[in-house]
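**Q** Just so you know, the sequence shown maps onto residues 11 to 204 in this note's numbering.
Treat each hint with caution, since some may be false.
Here are the in silico distance ranges between beta carbons for each label pair [said to hold, decoys possible]:
| # | residue 1 | residue 2 | range |
| --- | --- | --- | --- |
| 1 | M11 | T203 | 18 to 28 Å |
| 2 | E73 | S195 | 27 to 37 Å |
| 3 | G132 | L196 | 32 to 42 Å |
| 4 | G20 | A56 | 21 to 31 Å |
| 5 | Q141 | E73 | 14 to 24 Å |
| 6 | R135 | R18 | 39 to 49 Å |
List time: in silico DMTMM-like cross-link candidates among lysine to aspartate or glutamate, alpha-carbon distance up to 20 Å [unchecked claim]:
| # | residue 1 | residue 2 |
| --- | --- | --- |
| 7 | K189 | E73 |
| 8 | K87 | E186 |
| 9 | K167 | E77 |
Just so you know, the hints here were simulated from the structure itself, not pulled from any lab data.
The beta-carbon is built from N, C-alpha and C at its ideal position, and this holds for glycine as well.
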Amino acid sequence: MTITLRCRCGQLRGQVDSRRVAARAVCYCKDCQAYGHFLGSGVLDAAGGTEVAATLPAAVRFEAGLEHLACISLGPKGLYRWYASCCRTPIGNTPRDPKTSYVGLVRACLAESDEQLARELGPLRCRVETQSATAPVQSSGLSTAGVVFKVGVMLVKARLGGGYRENPFFRSAAGEPVKEVQVLSLEERKALTP
């Protein structure tokens, strides 16, 4: 079972193994909002949220257009935030250390319909960092605890089983990203926060 991954203009393409997606959530944190503002339209929902699918990097296979993959970090210690430079489509967020086997794939790069994603990945029930939303949204309470547990189990299994070694965002387990990372200055980061 695969989900098509592609940027809006179709130059960066790949597949995601849907069986390896642990959970779906919408994040309203200030960093995800800044990332959305950096990329432009089509990333944030009406309340400033970004839908992500939590999975293992090993579940992602790029098939074409890897030359368009680009990366930013909102600061010297922040997550790596990957996007397609050709059309500024968000791809996903990874920790700086590839031994933490995680990528939060952004909904904008998943080509399937909402209905198909719900069938493949389960319903979207989790909303986190709702206090930073730009419009009223309800916190998901206990659903968040379930998502954290599922993602935690996924991370532990990948670490113990060596699954972290397969990572299309890094050249090696030593932590060298496949693309040069643009680290935003404090001034650049502040300009992204309305």
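**Q** Each hint should be assessed against the structure and marked as holding or not.
**A** Structure-based check of each hint:
For the pair M11 and T203, the supplied restraint of 18 to 28 Å is violated, since their beta-carbon distance comes to about 38 Å. Checked against the hint of 27 to 37 Å, the pair E73 and S195 passes, with Cβ atoms roughly 34 Å apart. Between G132 and L196, the C-beta spacing of about 39 Å keeps the proposed range 32 to 42 Å intact. Checked against the hint of 21 to 31 Å, the pair G20 and A56 passes, with Cβ atoms roughly 26 Å apart.
Checked against the hint of 14 to 24 Å, the C-beta distance between Q141 and E73 comes to roughly 39 Å, which is inconsistent with it. For R135 and R18, the Cβ-Cβ distance of about 27 Å falls outside the hinted range of 39 to 49 Å, so the restraint is violated. At roughly 16 Å between alpha-carbon atoms, K189 and E73 fall within 20 Å of each other, so this suggested pair holds. The suggested pairing of K87 with E186 holds, with an alpha-carbon distance near 15 Å, which does not exceed 20 Å.
Simply put, K167 and E77 have alpha-carbon atoms about 31 Å apart, too far for the 20 Å limit, and the pair is violated.
Hint compliance for this structure: hints 1, 5, 6, 9 are broken, all remaining hints hold.
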